[in-house]
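Peer 1: Spelled out, the chains give:
Protein chains: 4
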Amino acid sequence: MSDVCNVALLGQKFMGRAHSNAYLKAAKFFNLPKLPVMHTIVGMDLIALAPFADRWGWKNYSTTWKDVVKNPEIHLVDVSTPNYMHAEQALAALAAGKHVACEKPMAHTLKDARAMRNAAVKSRRSRTFVWYNYRRCPAVALAHKLVKAGRLGRIYHVRAAYLQSWGGPETPLVWRFQKKYAGSGAHGDLNAHIVDMARFITGQEIVEVTGAIAETFVPERPLPGASGRGGIGAGGPARTRKGKSDVDDCVLFLARFAGGAVGSFEATRLATGNQNHNTIEINGEHGALKFGFEDMNLLWFYDAREERQTAGWRRIMCTSAGEHPYAGAWWPDAHILGYEHTFVNMVADMMAVLAGQEPIVPLPDFADAYETQRVLEAALLAARHRAAVKLSEIK
Amino acid sequence: MSDVCNVALLGQKFMGRAHSNAYLKAAKFFNLPKLPVMHTIVGMDLIALAPFADRWGWKNYSTTWKDVVKNPEIHLVDVSTPNYMHAEQALAALAAGKHVACEKPMAHTLKDARAMRNAAVKSRRSRTFVWYNYRRCPAVALAHKLVKAGRLGRIYHVRAAYLQSWGGPETPLVWRFQKKYAGSGAHGDLNAHIVDMARFITGQEIVEVTGAIAETFVPERPLPGASGRGGIGAGGPARTRKGKSDVDDCVLFLARFAGGAVGSFEATRLATGNQNHNTIEINGEHGALKFGFEDMNLLWFYDAREERQTAGWRRIMCTSAGEHPYAGAWWPDAHILGYEHTFVNMVADMMAVLAGQEPIVPLPDFADAYETQRVLEAALLAARHRAAVKLSEIK
Amino acid sequence: MSDVCNVALLGQKFMGRAHSNAYLKAAKFFNLPKLPVMHTIVGMDLIALAPFADRWGWKNYSTTWKDVVKNPEIHLVDVSTPNYMHAEQALAALAAGKHVACEKPMAHTLKDARAMRNAAVKSRRSRTFVWYNYRRCPAVALAHKLVKAGRLGRIYHVRAAYLQSWGGPETPLVWRFQKKYAGSGAHGDLNAHIVDMARFITGQEIVEVTGAIAETFVPERPLPGASGRGGIGAGGPARTRKGKSDVDDCVLFLARFAGGAVGSFEATRLATGNQNHNTIEINGEHGALKFGFEDMNLLWFYDAREERQTAGWRRIMCTSAGEHPYAGAWWPDAHILGYEHTFVNMVADMMAVLAGQEPIVPLPDFADAYETQRVLEAALLAARHRAAVKLSEIK
Amino acid sequence: MSDVCNVALLGQKFMGRAHSNAYLKAAKFFNLPKLPVMHTIVGMDLIALAPFADRWGWKNYSTTWKDVVKNPEIHLVDVSTPNYMHAEQALAALAAGKHVACEKPMAHTLKDARAMRNAAVKSRRSRTFVWYNYRRCPAVALAHKLVKAGRLGRIYHVRAAYLQSWGGPETPLVWRFQKKYAGSGAHGDLNAHIVDMARFITGQEIVEVTGAIAETFVPERPLPGASGRGGIGAGGPARTRKGKSDVDDCVLFLARFAGGAVGSFEATRLATGNQNHNTIEINGEHGALKFGFEDMNLLWFYDAREERQTAGWRRIMCTSAGEHPYAGAWWPDAHILGYEHTFVNMVADMMAVLAGQEPIVPLPDFADAYETQRVLEAALLAARHRAAVKLSEIK
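Residue numbers (the working numbering), protein chains in the order written: chain A, 1 to 395; chain B, 1 to 395; chain C, 1 to 395; chain D, 1 to 395.
Since the hints were derived computationally from the structure, they do not count as laboratory data.
One or more of the hints may lead you astray.
Copies of the same chain look alike in the list, so a pair counts if it fits in one copy or across any two.
Unchecked claim - Dumping the calculated SDA-like pairs for lysine to any residue here, alpha-carbon to alpha-carbon at most 20 Å:
| id | residue 1 | residue 2 |
| --- | --- | --- |
| 1 | Lys-145 | Glu-307 |
| 2 | Lys-13 | Trp-175 |
| 3 | Lys-13 | Ala-27 |
| 4 | Lys-13 | Asn-31 |
| 5 | Lys-13 | Trp-331 |
| 6 | Lys-28 | Met-38 |
This structure is a prediction, so every number in the text was calculated from the model and none was measured.
Just chain A, same shape as in the assembly (with noise of 0.2 Å):
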């Protein structure tokens, strides 16, 4: 077994940079049993391409995906493109017996989805990852870690939010709210996020959708011009002409768990006062959690079997080398991290797996993160339907 990893990333806005950053720094920071090399990026926008693979490095540049992802050298193929573009890309990685790590949500489609997980099941070779980076927030990590060791109980309560405020009607019609090219807007986006933290930490999985709301408060939103935000295939001449956004700006719903609990998940990027407020609360019968990415440095923790004379919610930092995940590759205690943090943690779990290792906190794969797509599935019929989906009726 080689101990690099060569990869191919194909995506260079966004993610693309924040996995450039991931892969650049892993190395640095923790001891992996197998270093990420910074092959080829792939791109679309060629002008872009040149500088930025100099800036950070990359190899090789290229704009032929397809020939990229059946290169011999390449060891890992990690598709950052817009939603729509993941399933061929996924699965044509995967025919070439690559390694896979995806963006989230996994496709715009459940039926795509539903391809790449049954691709990356049968095959023997791949490894898949979808990037759900908030896992590997130590604090996340953490609760992850007291559920599994019995601290919180059976669970009674899940609530869970995603909110931003970036979506309102002067934001520019770019990809993310157009349905071909995104599938969803928020619940994709962020519900997609939320699902997955849920699952991860509590250890449960989703029976049923109750009922759900999806929303569009801005059908109209004007065409990109040359300031907007990127815009695939939105390219109109002036600001003042608008056109269609069809994705939900929100999508709100409730729901059961295969242990009992009940939860409630929003997603929205109309929540005006909050930028990034990615949140969850468990409660337990034995204790509660509480986390905010926007202070993604702590965890709270309510132990309801301690001294009640002194028992209350711990902040509790999760910066302590050998007491808090991820902790010990970085600084010292409280000398925090940010969101980038989250995505080197994963390059470190990620390269830990490809080298037969155990990851600190698990991983999702294409089958685990299939789970989390079905639950937006069901979300979403749940909405049309306005009425209770089981999941067990989602394929």
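Following the hints, complete the assembly by docking chains B, C and D onto the known chain A.
Peer 2: For chains B, C and D alone, coordinates are given in the frame of chain A:
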């Protein structure tokens, strides 16, 4: 018009105490146009009643509420008994031409609530009130005023939860866990408050409950022994004997508002770590508001139209005389108020209304509170039918 | 021994109102071994006095305190007048054999305070109290108990600040800004409280003030007009006329404690953004504590001896009956208390002491409060001399 | 002028790692006018050095700093060794005509710092920098800008504390506890940072240290064993043997600023419960600011001139591109930054200065940092003399 208001209070438990304190204090802190006089306290537990009357300064006490509500000296009947008694007592008081202040929820069935609403509407002489005391937190009243002044613009989201944790498996089977006495569990007790708050602050009615979950996590509870909490109709001998708890421990639901906003509501007695976590957040086009009862003196406000460099959630300490509702009656800035002050503020407003004046912020009467009851009913139906319920279906 | 305690209250302003409310409520919420009776209110403003007496239920009122303190019916004289009057009134009351409860600071000069301490010590019959009400926040009382139980071990640090902001240049020259009436400014008003809290929680005396700053940022203030705050001895005609403010606007000092801890103290009326920010943090070998009055129901506790993985500041909501001091007298869990409750709790404890019982936590008498006065004096000396002052130099 | 900057980094421990990461990342995130090149790493521990160089991508490594600083290829010498080595190394680098970036505190004695300042001032060619990295938290930089823009008006108060807790009795005697290596303890390590921050944000010099306390709570510490932290000059055999810790564990002091403000400063390694609690609050006539490093993405701002009804501390998430300093280089809104980003931001600003451009906010050079050293010296003198020390007495 008399400048005193003789009060008969029915109920001598938790709310009996909270209301007695409110009648005692209101005229000490407010300049009232009409003075509440603590005329008669009515209770069923005669042994406790005389000392209670003596302690709080009630001039008379009685165990026969039917006589008291007809006493010509009485102006206002305050119904603070368990939920199942509200309708009969309130209707009798209205029939006797009294003003009525009823604890929430109005009644243990929608039918009873409707009868109360109808009787109130028909009455020419009687004013009615329902004790939704949280409206009278200065911060909640300020929230109402800010929305009314257009500071939020179009409202997108309402997010309300009332989380408690005293309903664990060891908690005995007091009346609050029995449907015949309480009507419902956390739903009528806690969702009632946050539905009222949401309607009050937004000024919008709920038009649909799109989905709902009602769950009883603890179906059996120890029968209350000598050391239990009250225990109407459940005087079992030993702790080890158990009885059936047939109310919800939690109810979650999703809703749509008349103005297009979407909302989520959750009430539970099993949210470990949360003792009285009554919260609401509202996100609009131009701003947002957050309130949590455990920091009841604070309102958080985000103004999306201010200079972006310094925009942020503002922590407003709602204690400035002349600036914040009710604050002028109390103590200097940031000499904080507590739970009981909401009741005192409400007595002051009720006396204003009875004297023909305007309250500081609107008071809920039976017609108003009936709308809250309809929402609660719709939520229970939605939970039972596992499907959306329009409010137009609830008469 | 009589089971009632007839109270004469001297003062009808801010503290007159806070104490009246406390005498009114104490027996409603506590089972008292001795009942406070609101016998006589004494004030100088005769026009306001009768309505005040009527509103609060004082049986008598008077403008001649010298007669009242000798009235044989009176058991307890409560001195709530401006600081410069405390000594004369308290000494007269002690001479008449009364119990005395005096507002803080004890006196406007150390000499006066010493005379009061000496008279109290000599008295056989009289009990004395000083209204350091913040000791009776449940959270502060719990802090005292935790330190006493050894939960902090050796104490390293005390960090206390009392920050207000009402003393800007527009605030008129009321008595609190005049040395002849107030003795000092923020120092006696605010540092008095936090020095008492530090001594109370740690159980240690301050042995040295190592350095100090006293500053008057606003040396001239508008003379109070009709709309001003009170205005003893400063009844100027127009707002534009100014008078000299000769008290400190802030005093900061560093101190050493008998047990080896070091501490910092700061009181100011010009800490823009802070309205009543009365805070203390104590760091010890085995744990730490934090309290801030604006969240007065909370105590933050860090236990350095617990399992490190889940160690963190614990947010203790100090409202559980049976667990937290005073909580059992009030409302259910997290139905929060406010400013005024500290005074009610203190009346309950005073009545206990007068009935020969133990208070829930120790009450400061004149001898105890005199130690706080010595620290305040040492701080002023250190500021004046720009050098360290040992407490042994202050008699 | 070359468009690259060859860096020689002296030091391979904590700061060596933080700086390596900063040089690695700066050009990935910023468009730099001059590229830092990781030319040579210098360390004393040869066994660790080669792997360190390899891991971080340093082109060369060496154990002889004296040669390296004279290497004509080097443009910038980064001095990140223990404090006692700073002066010799920085002076040699300046003598060789290099730019110098020195870790803080500048030196372990004021005399050394003065020599460095003088050499820097005399040099025509060299630019100097001191790594006061916290200036480059976006929130701290914004605070500087708001004060400069007059948003606080006259400043009354500065309140700064840097609280850590890793210095308990079990912590071994590493170089940071030995005066000959470190110069001082918490004082030079932590007060240095907050004195710099206070000077930077207020734009005012400290003119007097009015009082100070320096304390060594733990005078003896275990000699570092194999498992200790570093351990220059203290290679004792067994844990049970102890050596003398002759630096301060904490230093507290009070100060006056040129513009009339008063301030307090505290640094400690024994503030149990606080791990990296680096905080500052500034109160002015028109507004106030608060910052705490453990929530480093936030600045709290109070505007005393806004409408009072909605005035309150504003929680500003300083992550908006185009609005907040440095934010545009990083991630979308509220995708938070961590400790290491302050170093990257500083490298970007240093490169700007070396290319003749303006930094985003001012960088401290040796002359600027020398003023901080003078304040630290004054505090130590004030502690020793137990009296006020004017800065004019410190040359």
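Peer 1: Check each numbered hint against the structure and report the violated ones by number, ascending.
Peer 2: none
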